[in-house]
Amino acid sequence: MTHPIDRRIFLAGLVGGAATVGLAACGAPPLTVPERAATGAAVPGATMRIARPAASAAETLDPASALSAYEYLGAIYNRVVRLDRNGETVPDLATEWSSNADATTWTFQLRPGVRFHDGRPLTARDVRYTFGHILDPDTGSPQAGPLALVDSMDAVDATTIRFNLSTPNAEFPSLLTAYQCYVIPEDSAGEIGRTGIGTGPFVLESYEPAGAGKVRANEDYFDGRPVLDAIEFFSIQDTSARVNALLARQVDLLSQTNLDNATARVVAGSPGTTVARVENAQWYTIPMLATSEEFSDPKMREAMKLAYDPRRVLATALQGTGTPGWDNPVPPQMAAFTEVEREYDPDKARALLKEIGREDFRTKIYTSAYEPNFTAIATSFAHQVREAGIRLDITNVSADSYYTQIWMAQPLMVSYWFTGRPIDQLLNQVFRTGSSYNESAWSNPQFDDLLDAARADTNDATRLAKYQDAQRLIVADGADLTPVFGDRLVGLSTNVVNYDEYGFEFDYLTIGLREER
Amino acid sequence: MTRLVLTRLATGIITLFLTAFFVFFAVQALPGDVAAQLLGQDATPEALEAMRARLGLDQGVWVRFADWIAGAVRGDFGTSLVSGEPVAAGVWSAFANTLIIALPAIIVGVAGSIWLGIRAAARRGRATDSTISVLALLGMSIPEFVVATVLVLLLAILLPIFPAVVVQGPSASFGELAPAAILPAVTLIISMAAYIIRAMRSSAIDGLATEYATLSTLKGVPRRRVLWRHVAPTAVLPVLPIASINVAWLLGGVVVVESVFNYPGLGKLMLDSVSTRDLPVLQAIAILSALVYVVANLIADLTALTVDPRLRTYGRRARGGDTPTPGGPPGHVDAPTPHAPSGRPDQEVTA
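Chains as they are written, first to last, in my numbering: chain A, 1 to 517; chain B, 1 to 351.
Think of the hints as simulated: they come from the structure by calculation, not from any bench.
Even for Gly, the Cβ is constructed at its ideal location relative to N, Cα and C.
Errors might be hidden in some of the hints.
Distance windows between CB atoms, simulated [claimed, not checked]:
(1) B:V61 - A:R386: 40 to 50 Å
(2) A:D84 - B:P160: 33 to 43 Å
(3) B:L138 - A:R225: 55 to 65 Å
Chain B is faced by these chain A residues, among others (derived, beta-carbon under 7 Å) [claimed, not checked]:
(4) S56
(5) A57
(6) A58
(7) A212
(8) F234
(9) S235
(10) D238
(11) N244
(12) A248
(13) D393
(14) D400
(15) T404
The whole structure should be built from the sequences, with the hints applied where relevant.
Structure (structure tokens):
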């Protein structure tokens with residue numbers, strides 16, 4: 001009882017078809033979704049329902065873990081510092097921080113009078129314990145690598161914590177903004193995965209891995225009580241089932257779900273539901289494996305860049321919902337971003353290919369249904385580079401082994417990341433020689449030196465200049481293409497007001513519902 | 001008779017063992033690394049190594065197979081690689097959830113389909129027959145996920161009568177699941193009914209054409225009585241195997257339907273286990289599904305034996321060296337339609 005039609009394609013077609021018929025239009029009109037989520041007064045005492053994809057049945061509320069139930073973290077915990085919209089480090093539990101002259105010792109002042117949900121006061125010892133837990137090899141935290149430079153920590157007094165680093169790092173506070181760095185109470189690692197005791201705006205009421213859970217407002221929150229009374233989280237694994245739950249008003253918001261264009265059209269066009277954008281939230285990449293025979297030659301990589309126009313990828317694959325990338329991995333909203341000029345010239349690309357004797361270059365570009373826009377981006381890219389004589393065969397493979405079998409193994413594929421990493425972490429994790437996230441296996445000693453020099457540079461202006469030089473180097477020589485930054489299209493009820501999300505930050509304090517159901 | 005039943009039982013057990021063997025090695029051959037899947041894209045190589053060792057994936061494949069079979073016989077399917085909970089408990093609770101949609105679907109679906117098939121046969125060539133046949137063909141040719149989507153669109157989104165999906169997850173209570181089970185059950189009935197209706201219709205048409213049916217009609221027995229008293233019981237016989245296959249298909253968990261409705265049954269558990277490479281859970285589900293198939297077929301065979309005396313006696317006579325009777329060999333029950341000579345020249349035998 002199997003059927004030859006792909007289910008997702010069919011469903012998109014079916015629902016999309018229904019919407020188009022409703023509009024009585026022939027041919028799909030351009031996708032239009034609201035730029036901003038609705039704002040306005042919320043009713044007090046409301047309960048919001050959020051549907052999310054579960055990490056797996058092994059997911060936990062331990063923020064340090066690689067399998068954390070991500071949506072809960074921001075509601076129940078706080079970090080020492082967090083990121084603002086422009087990628088700058090701003091206060092959360094710490095109110096101010098400073099370093100010694102060579103940036104090897106960092107001291108943070110914690111907010112006084114903050115209490116955990118079980119009533120214990122927050123002290124520097126809890127912060128020390130939290131980072132000890134992250135650095136513990138048994139935890140297997142993804143943030144242990146970036147924080148490996150922490151030599152030791154001192155709880156100087158109740159509200160002062162000091163980090164002693166093995167190497168100078170002027171950007172150290174930004175490393176503490178990662179979502180693995182939520183602060184947990186001292187000696188709680190054993191049970192934090194179930195109890196979820198933090199200092200955050202919501203208190204955990206119930207939680208089941210890969211199941212349902214509930215948090216209620218923390219009356220005692222240091223930054224004021226949240227508008228909502230409670231949030232219910234539901235796990236719905238299948239994307240179309242999640243969308244159905246929204247359309248049937250069983251939930252108010254879909255988290256970690258980037259709607260594909262056809263579905264976004266339906267959600268935006270249905271009564272009671274709408275779409276909000278998280279600007280440039282999806283950073284799409286096309287890693288060209290620098291260790292592969294195909295792309296080891298920098299001239300070949302240059303030809304690949306010259307051959308395509310990011311503006312056209314944006315217009316066709318994403319229907320304009322995003323920003324062209326021009327192969328610079330830093331999203332334009334970040335303060336450290338610099339505009340790097342990069343030509344689009346297929347004739348020049350063709351000439352380059354001729355020069356290296358690859359006039360009829362042909363290879364495969366891998367894609368999968370792992371993310372809804374991968375295949376559209378691969379298609380648009382392959383179509384454009386053809387003008388320069390490059391033939392790419394689009395190869396669609398299974399989503400569940402995409403990141404284990406294809407990623408960092410095949411010469412050419414489409415990949416993506418969430419934006420929201422601070423500049424130092426972004427460049428070091430994805431582009432530095434030998435980093436486990438370096439998806440193109442690119443290695444450039446000059447680039448690595450530049451990053452080291454930036455970390456050691458305590459002058460904000462010259463440090464910024466170094467990060468901008470690093471961006472130019474990536475555009476000139478790098479192996480990881482950045483065709484576009486895509487807006488995440490989030491499905492939500494028209495009843496939701498003051499929804500605000502960027503990077504890994506979600507505003508749980510002001511989000512509310514217009515009326516009680 | 002006892003001998004026949006025992007042979008069937010033994011065949012069943014051998015089938016189960018073979019299934020276990022193939023399932024185990026097929027699962028081993030799945031692409032993708034469990035440890036990588038468990039730790040996610042962010043894992044370090046050291047963490048991966050440690051995880052592989054902890055899961056025993058560094059041991060030989062035959063050792064693992066032997067361990068697993070020994071446990072499975074005792075009903076112990078090990079612990080889930082993902083949640084760390086015992087596999088058996090999770091699989092049984094998912095199976096119980098699947099029963100909530102499957103049992104009503106079986107009862108309504110099988111009974112309704114048999115009734116519709118007989119009706120269609122009795123009204124052969126008339127409007128009732130055409131309507132039933134066309135609807136059955138439609139149900140047969142539309143994939144179940146389309147039926148499910150259309151039902152959700154109509155009865156959950158446009159007219160919000162039923163919930164579109166189950167939001168509570170595996171811990172949902174019966175009270176929460178029951179209203180959400182109606183649309184999946186209807187979907188299953190629609191996709192299952194067509195096969196049974198069509199088989200029942202041809203079988204009943206053949207039955208109506210037999211000499212004993214013609215004789216009863218000529219004797220003046222009312223047509224209704226001929227149909228329900230004389231034709232229907234025999235005509236059901238060849239439909240039983242088809243019904244049993246469908247029942248097993250339902251109980252084995254209908255992956256696509258459960259996924260569309262986010263229904264925490266066996267099918268969804270299987271889908272989740274595939275994507276997280278939770279091999280022990282996957283193997284347990286495969287064995288349970290095989291068990292359901294074997295049991296459903298056994299029940300169908302035994303029912304056929306009870307209803308049809310020729311099947312019971314055939315085994316004895318064949319050993320005596322007799323030639324097979326026109327009633328057919330025991331394999332007869334597996335054939336979708338019976339061989340029945342047409343008693344009336346104006347009615348062709350429909351296959």
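Starting from the hint 55 to 65 Å, judge whether the C-beta atoms of L138 of chain B and R225 of chain A obey it. 56 Å, holds
If you take the shortest Cβ to Cβ gap from T404 of chain A to chain B, is it below 7 Å? 5 Å, holds
Should the hint that A248 of chain A touches chain B count as held when the rule is a Cβ pair under 7 Å? 4 Å, holds
With chain B as the partner, please determine if A57 of chain A meets the hint condition of a C-beta pair closer than 7 Å. Where the cut-off is 7 Å and the nearest Cβ of chain B is about 4 Å from A57 of chain A, the hint holds.
Can you verify the interface hint for S56 of chain A: is its Cβ closer than 7 Å to any Cβ in chain B? Holds: closest Cβ of chain B sits about 5 Å from S56 of chain A, inside 7 Å.
Quick check on the hint: N244 of chain A CB to chain B CB, less than 7 Å? Nearest chain B Cβ about 4 Å off; hint holds.
Interface hint for F234 of chain A, Cβ within 7 Å of any Cβ on chain B: This interface hint holds because 4 Å falls under the 7 Å limit.
Go through the hint on D238 of chain A and say holds or violated, using the shortest Cβ distance to chain B against 7 Å. With a closest approach of 5 Å, the D238 of chain A hint holds.
Does S235 of chain A meet its interface restraint, that is, does its C-beta lie within less than 7 Å of any C-beta in chain B? 5 Å, holds
Hint check: is the beta carbon of A212 of chain A less than 7 Å from a beta carbon of chain B? 5 Å, holds
Could you check if A58 of chain A really has its C-beta closer than 7 Å to a C-beta on chain B? Given a least distance of 5 Å, the restraint on A58 of chain A holds.
Taking 40 to 50 Å as the stated bounds, is the beta-carbon spacing between V61 of chain B and R386 of chain A within them? Given about 46 Å between the Cβ atoms, the range holds.
Going down the numbered hints, you'll see the structure goes against just number 13.
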